[in-house]
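S.K.: As a plain string of letters, each chain reads:
Number of protein chains: 2
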Amino acid sequence: MNSWANSGADLHLELPSGTGVKAALLHALRDAVQSGRLTAGTRLPPARALAGDLGLSRNTVAGCYTELAAAGWLVTRQGSGTVVAPVPGVSAPPSARAITRRPTYSLMPGAPDVSAFPRGDWSTSIRRVLNAAPNDAFGPTDPRGRVELRIALATYLNRTRGTRAHPQQIVVSASSGHGITLIARALAGTLAVDAYGLHLHRKYIADEGVPTVPIAVDEFGTDTEELKSTTAKGALLTPAHQFPLGGPMSADRRRIAVEWASHNGCVLLEDDYDGEFRYDRKPVGALQGIAPREVAYLGTVSKTLSPALRLGWMVLPEDLVEPVLDLKGPYERWVSAIDQLTLADFIESGKFDRHVRKMRVAYRHRRDRLVDMLTQRLPELRIEGIAAGLHAVVRLPLGTERTVIDAAAKRGLAIEGLSTFRHPDASGTLAEGIVVGYSTPALSLYSATLTVLCDAIESVLRQRPSRASRPDSTRTSPARSSKAP
Amino acid sequence: MNSWANSGADLHLELPSGTGVKAALLHALRDAVQSGRLTAGTRLPPARALAGDLGLSRNTVAGCYTELAAAGWLVTRQGSGTVVAPVPGVSAPPSARAITRRPTYSLMPGAPDVSAFPRGDWSTSIRRVLNAAPNDAFGPTDPRGRVELRIALATYLNRTRGTRAHPQQIVVSASSGHGITLIARALAGTLAVDAYGLHLHRKYIADEGVPTVPIAVDEFGTDTEELKSTTAKGALLTPAHQFPLGGPMSADRRRIAVEWASHNGCVLLEDDYDGEFRYDRKPVGALQGIAPREVAYLGTVSKTLSPALRLGWMVLPEDLVEPVLDLKGPYERWVSAIDQLTLADFIESGKFDRHVRKMRVAYRHRRDRLVDMLTQRLPELRIEGIAAGLHAVVRLPLGTERTVIDAAAKRGLAIEGLSTFRHPDASGTLAEGIVVGYSTPALSLYSATLTVLCDAIESVLRQRPSRASRPDSTRTSPARSSKAP
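These protein sequence lines are chains A and B, in that order. Take the first sequence: its position 264, counted from the start at 1, is 671 in the working numbering, and no numbers get skipped. Take the second sequence: its position 319, counted from the start at 1, is 726 in the working numbering, and no numbers get skipped.
The shape of chain A in the complex, shown without the other chains:
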């Protein structure tokens, strides 16, 4: 039947039995409107199409529409079809505006400047992909991810991050956290993590039933002597830019970590979460480049483009590829193939490099403004981890972190304290401070947000008795070094 047609809205209607078809259809339509299943403004299919769907005559359906319109359930307008009328007592569908919450000031770490997403260039890449992609891009995909993206990533990472990656070692993931959970499951043993590190990654690992053991961390990175004393099967590191403290791992410690992994058959999970953003001229390449057999490298577009894309990658030691794929599933279960091809196009057209360079300049400028304002208003505070990345650590006197966070919250500013990132089993010295995500605010709010931050900190520190005598407050380093490069 060709009237079973390719037109009009789709509609689920159950006609009650035991009455004539017209009475049944009248009842079904009234019920759908009254129950709220058909909301005001919904356009009904043309009478001919609905008649085809239900196996009724066109006249029967048209008659029902006329009758329901006369009774006020529907509105029929010449040329624009039949739509559901607003019916008193039936609640309207909620609008997006009514459900979403209001934004506040935020310096929470972890997000880039979302207003800088390259909408136009990304749109161009998607359009190109949707025009040119082979049909198989819309079917089930290789669990490694699309080969086009793995090739683009290998070339890009080898060029910009000093990795030694082959597309066959690369597995696409929804995020670094996703990659970490897969590797943690594959290793099936305790993971060493920094005593200060991303709490969410610790949670994801724990959710897999894998225990973590904290390792001390200082300005040279993870304490590799302590690492050597563990029986962990792997270690989660942030060698380019320790999260959250901010330093790069020293060359010596890199070497020791690699030796440890090599001698014990362990894996170093290298979370290169913001390796693209380095503001001094000291290149900090990926650990994977010197130890591709010991290192599982993890990257993502969350800091360079947007955390809303849910797109990351692993560069795995060869013998970890199959175990990780076994856990990931027989096909790509997580990341849209269209998004993968779009990122491949975005990288290969040079737009990714251009965007990273543009944002590097913008973030360095934001960092300078943060350091300037803090140096001016709160010169006694130490600011750390400013040579790279999208956040800085503002150290606070012991016992003040929680109060400062509360003072900020009272002013509508969300900030995160260092304590959040401390491993619950960590034993070393307690550090207090704020991890300031200076990439987070919209640029138009940046000055105001920094002012609120300083106000909040000041309101707490000024209430404390003898500021000069506190042993744990250190003066900000001289302007030259705090702003370098």
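Don't read these hints as lab results, they were simulated from the structure.
Each pair may be met inside one copy or between any two copies, as identical chains are not told apart.
Here are the simulated DMTMM-like pairs of lysine to aspartate or glutamate, each with C-alpha atoms no more than 25 Å apart in a straight line:
id	residue 1	residue 2
1	610	549
2	758	421
3	689	421
4	758	417
5	765	543
6	640	615
7	689	775
Starting from the known structure of chain A, arrange chain B on it as the hints suggest.
M.R.: Okay, now just chain B, sitting in the frame of chain A:
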């Protein structure tokens, strides 16, 4: 320094110490090319930009470029910059063509016609989203998923599938399988599943450490008397179209299942994987519509649009929303917010309905061709589950399924047997047959694929001795009923 500029490709170079800067740069560039990190054809940054990055003079960098070009490492062309030359002995990057495998014929179930993806309309929706989306769409998102999509889904599902869904009960997921694992974890007890069902879903549930118990299934759906005798915390059902057998669950059994869930505080997981595709005029609404407190409804675009998008949704009983969100994480970890907004636009602009109706006509036509050819060439075989969906079950005599699959594989055709879907602990009668995914082949290959299928089955059945005397072979039902509607 403004020469630290916003132009040119990004490059990771480590300058060895202990030599002059020019010698160091020459060494670093040669090494990057020789090790394959910089591949032939890569465009280097302009000398001014690289000089800015490294804190060298423009002349030093330009001199290096000239020297390396003279030695054959680089090629400098007026107007098109400096690119890496092809160097003998250094392997070229692999091309996508070299890595991908050749496709074969396939009637594997689970995929729609990938050539029918609405590329143009999808592209229009994405462009609209990228133009109009608020900035917060590029930041971390509500773990429920974007509210715009949840509103669009509630309206769409209530209208077309007869659900009673509110946006606040909807949680976006990467797939039905993703939703099932989250709910299985949240219920933390044995799940009842059909004795014949999707093996991947059983695997995902088992991966979460949750045991499954098989329940007999027949042409009226899951055997609810057997279900009532279990102590399961929930049951995974496909009420609209049992997978893989193909029947709808009877009204009686629906009622019994709901009563069972209601009295025992259990949850019915309704996997509505292809509910949009129904070819007769008997509407089969979602179970969720009659029991929103007992049913967790699961849907996805995998059959309507593409399994490559990795986009699904749950409509949860109110008291399951928070437990599922706790397991999913504090923000949307899996599904791109851009894709979510695009689907919302696609639904609200009416293009989703139009696409579904178009594909419904196309798939019904494919199904008719399958039934016609099988009826003609292998009239003794029974074909089941043809009133809906994207697959049919062709029953085979006991003991022939494996041989038929092998015969098909020899002819380059991938097919899936019924046995694959049988629960390993199932005790009922063994069924053999082929689950024919008739939506899978490209339309241009459809006739050839059906011919290969019939050839393969014939080659096995013709070798068997006395075909007429086999008790388990049933004649195909008469043409009228097999093609109805």
